[in-house]
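A.B. asks: Sequence:
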Amino acid sequence: MSLSRKPPARLCPVVLPALWHTYEGPEHHAVTVDLSAAGIKLRASRLPQVERAINCQIRGFEPMQARVVSVGVCDFLIKLTGQTPAPVEVVRRLIELGKQQAREFDSVRINRRIVPTQTKVEVRLAAGMTVSATVLNLSASGIALHLEVPLALGQAITVGSHAAIVTRHLPEGIGAVFVETFDQGAIHKGMVL
325 MSLSRKPPAR
335 LCPVVLPALW
345 HTYEGPEHHA
355 VTVDLSAAGI
365 KLRASRLPQV
375 ERAINCQIRG
385 FEPMQARVVS
395 VGVCDFLIKL
405 TGQTPAPVEV
415 VRRLIELGKQ
425 QAREFDSVRI
435 NRRIVPTQTK
445 VEVRLAAGMT
455 VSATVLNLSA
465 SGIALHLEVP
475 LALGQAITVG
485 SHAAIVTRHL
495 PEGIGAVFVE
505 TFDQGAIHKG
515 MVL
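For the sequence shown, the working numbering begins at 325 and goes up steadily by one.
In short, the hints are calculated from the structure, not lab data. Fair warning: this is a prediction, and the values are worked out from it, not measured in the lab. Keep in mind that the hints are not guaranteed to be accurate.
[Said to hold, decoys possible] Across the chosen pairs, the derived CB separations fall in these ranges: (1) Q424 / E386: 17 to 25 Å; (2) K403 / R370: 14 to 22 Å; (3) H512 / E375: 19 to 27 Å; (4) Q389 / A510: 34 to 42 Å; (5) S485 / K423: 31 to 39 Å; (6) E348 / E496: 40 to 48 Å; (7) K513 / H345: 22 to 30 Å; (8) K403 / K444: 42 to 50 Å; (9) H470 / K403: 36 to 44 Å; (10) G484 / K403: 34 to 42 Å.
For every residue, glycine included, the Cβ atom is placed at its ideal position computed from N, Cα and C.
Assemble the whole structure, with the sequences as input and the hints as a guide.
C.D. replies: Encoded structure:
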C-alpha cells in the first residue's frame, strides 16, 4: 500500500496586501491568497527560500515571525513561528476577513464611488507588461477596471502610478484594492491615476 500526501484543502481565501523580508534583507510586496491547515499562502514577484525565517506584515496585523514551508512559481506558504501576535488569533481574524470578502459585491460601501472624466488608464503587470484599461469606477480604497487580459485573484498590478491587488472578478472586468488608500478628498471626477 502506498501513501501519498494530498495537498491541504483550501480553508479560506483571503486577499490582503502584505510585506515580507528576511531578517537582514529588504522588504518585498506580497498579497495573501488563502489560509489552510498547511499555513498562509502569499503571492509575490520576489520569493523567499524554503525553510527561511522571515518577518511578515499583513495589512491590519502586527508584524509576525514565520518560516517558509514551500515555494511555488509565484507564491509561497508560511507557518507562523512567533507567539506575538498569537497564531490562533491571526488565523481567527484571517478567517473573519475572508468571510467578509466573500460577501456580495454590492454589500455596504465605506467609500463613495465615482467615474472619473479620464477613464483610459495604463495597467502594469508584475512581469512588466503594460495593458490599456478603462476605469469603470473608483473609490479611495479600490478600483473597477475593464481590460482584455485575464488577471488572477491576488495578482499585483500598478494602475497608472498606484499599486493595487486584484480582489474580484467582475462580469465586465476586475476589482482591485489599492495598496495605499487615497484620502477621501482626493477622489474627484478630474483626478488622473
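A.B. asks: Is 14 to 22 Å a correct range for the gap between the Cβ atoms of K403 and R370?
C.D. replies: 20 Å, holds
A.B. asks: Does the beta carbon distance between K513 and H345 stay inside 22 to 30 Å, or does it fall outside?
C.D. replies: 39 Å, violated
A.B. asks: Mind checking the hinted window 40 to 48 Å against the Cβ distance between E348 and E496?
C.D. replies: Taking Cβ atoms as reference, E348 and E496 lie about 45 Å apart, which means the hint holds.
A.B. asks: Given a hint of 36 to 44 Å, does the C-beta separation of H470 and K403 actually sit inside it?
C.D. replies: Because 39 Å falls inside the window, the suggested range holds.
A.B. asks: Please test the hint of 17 to 25 Å on the beta carbon pair from Q424 and E386.
C.D. replies: About 20 Å separates the Cβ atoms of Q424 and E386, which means 17 to 25 Å holds.
A.B. asks: Range first: 42 to 50 Å. Now tell me if the beta carbons of K403 and K444 are that far apart.
C.D. replies: 44 Å, holds
A.B. asks: Is the distance from the Cβ of H512 to the Cβ of E375 consistent with 19 to 27 Å?
C.D. replies: With Cβ atoms ~49 Å apart, the hint is violated.
A.B. asks: Can the suggested window of 31 to 39 Å be confirmed for the beta-carbon pair S485 and K423?
C.D. replies: 33 Å, holds
A.B. asks: Given the hint of 34 to 42 Å, is the C-beta distance from G484 to K403 inside that range or not?
C.D. replies: Between G484 and K403, where Cβ atoms are some 37 Å apart, the hint holds.
A.B. asks: Using the C-beta atoms of Q389 and A510, is the stated range 34 to 42 Å upheld?
C.D. replies: 36 Å, holds
In this structure, the earlier hints numbered 3, 7 are contradicted, and the remaining ones agree with it.
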